[in-house]
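Participant: For chain Z, the structure is supplied; the task is to place chain H on it using the hints.
Each chain is listed here by its residues.
2 protein chains.
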Amino acid sequence: MDFPFSRIKGGVGAPKGFLTSAVSCGIKNPAVERLDLALVYSETPCASAGTFTTNRVKAAPVKVSQAHLRKDDLRAIIANSGNANACTGVQGIHDANAMCDAVAKPLGLKRNEIGVCSTGVIGLPMPMMRIEPKYGELVSKLNAKNGADVAAAIITSDTRPKEVAISFDLGGHRVRIGGCVKGAGMISPSMATMLCFITTDANLPSDSLRKSVLECVENSFNRITIDGDMSTNDTVLVLANGASEMPSIRRGSSLCKQFRAALQWVMLELAKAVVRDGERVTKFVTVDVKGARTYLDAKKVAEAVCKSALVKSSWNGGDPNWGRILHAVGYSRARIREELVDIHIGGKAACLGGLQTTTPMDELRAVVAEPEFNIVISLNQGDADYTMYSSDLSPEYIDFNRSEYAYWKQARKDGLV
Amino acid sequence: MDFPFSRIKGGVGAPKGFLTSAVSCGIKNPAVERLDLALVYSETPCASAGTFTTNRVKAAPVKVSQAHLRKDDLRAIIANSGNANACTGVQGIHDANAMCDAVAKPLGLKRNEIGVCSTGVIGLPMPMMRIEPKYGELVSKLNAKNGADVAAAIITSDTRPKEVAISFDLGGHRVRIGGCVKGAGMISPSMATMLCFITTDANLPSDSLRKSVLECVENSFNRITIDGDMSTNDTVLVLANGASEMPSIRRGSSLCKQFRAALQWVMLELAKAVVRDGERVTKFVTVDVKGARTYLDAKKVAEAVCKSALVKSSWNGGDPNWGRILHAVGYSRARIREELVDIHIGGKAACLGGLQTTTPMDELRAVVAEPEFNIVISLNQGDADYTMYSSDLSPEYIDFNRSEYAYWKQARKDGLV
Numbered sequence: 001m002d003f004p005f006s007r008i009k010g011g012v013g014a015p016k017g018f019l020t021s022a023v024s025c026g027i028k029n030p031a032v033e034r035l036d037l038a039l040v041y042s043e044t045p046c047a048s049a050g051t052f053t054t055n056r057v058k059a060a061p062v063k064v065s066q067a068h069l070r071k072d073d074l075r076a077i078i079a080n081s082g083n084a085n086a087c088t089g090v091q092g093i094h095d096a097n098a099m100c101d102a103v104a105k106p107l108g109l110k111r112n113e114i115g116v117c118s119t120g121v122i123g124l125p126m127p128m129m130r131i132e133p134k135y136g137e138l139v140s141k142l143n144a145k146n147g148a149d150v151a152a153a154i155i156t157s158d159t160r161p162k163e164v165a166i167s168f169d170l171g172g173h174r175v176r177i178g179g180c181v182k183g184a185g186m187i188s189p190s191m192a193t194m195l196c197f198i199t200t201d202a203n204l205p206s207d208s209l210r211k212s213v214l215e216c217v218e219n220s221f222n223r224i225t226i227d228g229d230m231s232t233n234d235t236v237l238v239l240a241n242g243a244s245e246m247p248s249i250r251r252g253s254s255l256c257k258q259f260r261a262a263l264q265w266v267m268l269e270l271a272k273a274v275v276r277d278g279e280r281v282t283k284f285v286t287v288d289v290k291g292a293r294t295y296l297d298a299k300k301v302a303e304a305v306c307k308s309a310l311v312k313s314s315w316n317g318g319d320p321n322w323g324r325i326l327h328a329v330g331y332s333r334a335r336i337r338e339e340l341v342d343i344h345i346g347g348k349a350a351c352l353g354g355l356q357t358t359t360p361m362d363e364l365r366a367v368v369a370e371p372e373f374n375i376v377i378s379l380n381q382g383d384a385d386y387t388m389y390s391s392d393l394s395p396e397y398i399d400f401n402r403s404e405y406a407y408w409k410q411a412r413k414d415g416l417v
Numbered sequence: 001m002d003f004p005f006s007r008i009k010g011g012v013g014a015p016k017g018f019l020t021s022a023v024s025c026g027i028k029n030p031a032v033e034r035l036d037l038a039l040v041y042s043e044t045p046c047a048s049a050g051t052f053t054t055n056r057v058k059a060a061p062v063k064v065s066q067a068h069l070r071k072d073d074l075r076a077i078i079a080n081s082g083n084a085n086a087c088t089g090v091q092g093i094h095d096a097n098a099m100c101d102a103v104a105k106p107l108g109l110k111r112n113e114i115g116v117c118s119t120g121v122i123g124l125p126m127p128m129m130r131i132e133p134k135y136g137e138l139v140s141k142l143n144a145k146n147g148a149d150v151a152a153a154i155i156t157s158d159t160r161p162k163e164v165a166i167s168f169d170l171g172g173h174r175v176r177i178g179g180c181v182k183g184a185g186m187i188s189p190s191m192a193t194m195l196c197f198i199t200t201d202a203n204l205p206s207d208s209l210r211k212s213v214l215e216c217v218e219n220s221f222n223r224i225t226i227d228g229d230m231s232t233n234d235t236v237l238v239l240a241n242g243a244s245e246m247p248s249i250r251r252g253s254s255l256c257k258q259f260r261a262a263l264q265w266v267m268l269e270l271a272k273a274v275v276r277d278g279e280r281v282t283k284f285v286t287v288d289v290k291g292a293r294t295y296l297d298a299k300k301v302a303e304a305v306c307k308s309a310l311v312k313s314s315w316n317g318g319d320p321n322w323g324r325i326l327h328a329v330g331y332s333r334a335r336i337r338e339e340l341v342d343i344h345i346g347g348k349a350a351c352l353g354g355l356q357t358t359t360p361m362d363e364l365r366a367v368v369a370e371p372e373f374n375i376v377i378s379l380n381q382g383d384a385d386y387t388m389y390s391s392d393l394s395p396e397y398i399d400f401n402r403s404e405y406a407y408w409k410q411a412r413k414d415g416l417v
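As they're listed, the protein sequences go chains Z and H. Quick note, the first sequence lines up with residues 1 to 417 if you use the working numbering. Quick note, the second sequence lines up with residues 1 to 417 if you use the working numbering.
Extracted from the complex, chain Z is given alone in its bound form (with noise of 0.2 Å):
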């Protein structure tokens, strides 16, 4: 960013005018004491923006998120973790409709002011029985603390609760941006795999949000990959209340490109946490494709070295293995040339025009051994680059996504299956 901004406490309940509140209803396993059910609130109407999974089968809280973000600006948004309301048929709207409705009411709102979102297990229906409880106390809670509920209240098989918040300078305005994610498994781009909640503060048009919020999701979180599987319930919303009383941002105009600026950095740094918090991940691998031909080409190299499972495991194993990052490379579709492309491992040339060079083999496992690293491929064809972020695969992450049974035999106790 090249623009001043300092971080500041907290997430989505960092900038002004946001309210938040979560609060625990045992929606995964109701013997479990743990917050897995969250509200933002905007005190004053807002610009909203979202994106969404690119998966054909959607869940019912995407599909009703998307509906309402068609229909009106959104004010507000609930979230659960511990069941993802996807492939629940009719009954799936009927609970992500509820679960807006019944909020509406007490904020005051259209139910097309609300955004919903769920994540955890697909295929189960919801047990609404242990949600409806809890409304009034969710609305009842609502703080102007700064979100860390909420974002402690989305996660799933995530370690911990991921949030970041900066303030910065807009045109003499004090301005606040604050985030919050979620992750861990089914990661992979074009939608990244996750549940985000963006505020600020500052004040600018819908149509502007809008174009802002997919250009910088397309250069996070649409950059990370983490198991290569697309989640059904993947959702990105942002919402912008003018509440930091600055006069709405113009078009096109440097204010705007600054505030895109700091919206980027926030939802890079929120993805590449996603990334770093992945399952049983054990290594942050930035991936840098240069010289490709086309942005598509460096694109198509960079996704495909990020997902191969043999790339993942040698990194998973501290091993500076560039022939399985070349293999790679060569069945992305991409045109490449082998004897052009030159691969480097944490700044150290480990192949050189498509042969192994004479950099010492300690020195490159030097590198791989450490938890993040960097590997600049070089195609040496044209000007196009493209930047992706991934993880090692793990022999624990197997074993962690071996079995979902835990869940259908609580939905089986619940007498919803």
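Please note: incorrect hints may appear among the correct ones.
The list makes no distinction among identical chains, and a pair is therefore deemed to hold if it is satisfied within one copy or across any two copies.
In silico EDC-like cross-links for lysine to aspartate or glutamate, where the CA-CA straight-line distance does not exceed 16 Å [claimed, not checked]: (1) 348 / 362; (2) 211 / 342; (3) 290 / 169; (4) 409 / 362; (5) 71 / 33.
Hint data in this document are derived by calculation from the structure and do not stem from the laboratory.
Facilitator: Relative to chain Z, chain H alone:
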């Protein structure tokens, strides 16, 4: 196959007029005695055909074999395991040519009549100094046994040699087809990753053989996946020497169709054997996609499901997780409608119209607990079908693929890097 045939003993050595041999060079590790250099030779001229990896990074032997096939029909194949001779530049081409020359001379063949294949680690030069002393022994050991020596010499991380041979009546003449294959890792469609050699004493023109091979590969090796990684070395070579003394099969005749059906059966049998012996595989899963709008849509769905890390993890855990299957169907980019999708696991309905069924979970779990089972995904949108053969993904696969450092250390010891 709709005409009678019998399985017979052996593999590439089973058809008449083919001689085979294999020797131990210590290519991967000079301290270990194991067959790693093989030769297949036809006593008479052959029709020949091949298919190769579509990876843009092609190993030197792939480039050399492709060039030879364009110029001439092959009559012999030399193949090694322990080093892929991939990403080895001009030296790699030189080494692959040298391997051809070394056997062409004593066999009285032109270099162009030799196919050459390598499999093993990528990016390290071939230890030719350990191969060169063995050419004499390789040629002198040629024998008319069944070819098991070749099947044994080409395997790498495979747990067992894989070969099959059949004999059948073709227009009143007894004809044989034999084949062997190596697979295990880097297995993904579009030219499935492996080496496969097939011999037959049927008599048919090269153009007919080529057409048959292309079609049969599309319906066998291109339909399997283990880890989704496409190798740099994939090769299928087929030699037909006519030694059964039958008259040449006419193009498009019913005999030609019978031959193709037999070849198809042999290739599919070998392809399935590759999946069953995939690296640390515990499940063999047949995925039938039915009722797609187009062949391509059916294929996209099958590939998305068969390559999903999350789906494969659930198979490893014996979890009949239809929700994850449906989420992969959704991101396949095929035109599907969630509410029309049915999923049957081992013949039992797990999901109908996109929703969970009342089939007892214990029944579905019993199916997925088996080492082999079948999943039918009915899209209910058209008439196009596609079948793929896949495996689970195990924690042990990742463990197994964490490091190839031992290869590098040996190459270092050899003074090659």
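Participant: Run every hint past the structure and note whether it holds.
Facilitator: Results for each hint:
1. Taking the closest pair of Cα atoms, residue 348 and residue 362 come within 16 Å of each other only inside a single copy of the chain (11 Å); across copies the shortest separation is 54 Å, beyond that limit.
2. Taking the shortest alpha-carbon separations for residue 211 and residue 342, neither the intra-copy value of 36 Å nor the inter-copy value of 38 Å comes in at or below 16 Å.
3. Taking CA atoms no more than 16 Å apart as the test, residue 290 paired with residue 169 passes in neither setting, with 34 Å inside one copy and 58 Å between copies.
4. Taking CA atoms no more than 16 Å apart as the test, residue 409 paired with residue 362 passes between copies only; the shortest distance there is 11 Å, against 50 Å inside one copy.
5. Taking the closest pair of Cα atoms, residue 71 and residue 33 never come within 16 Å of each other, the shortest separation being 36 Å inside a single copy and 73 Å across copies.
Violation of the numbered hints given earlier is confined to hints 2, 3, 5; the remaining hints are satisfied by the structure.
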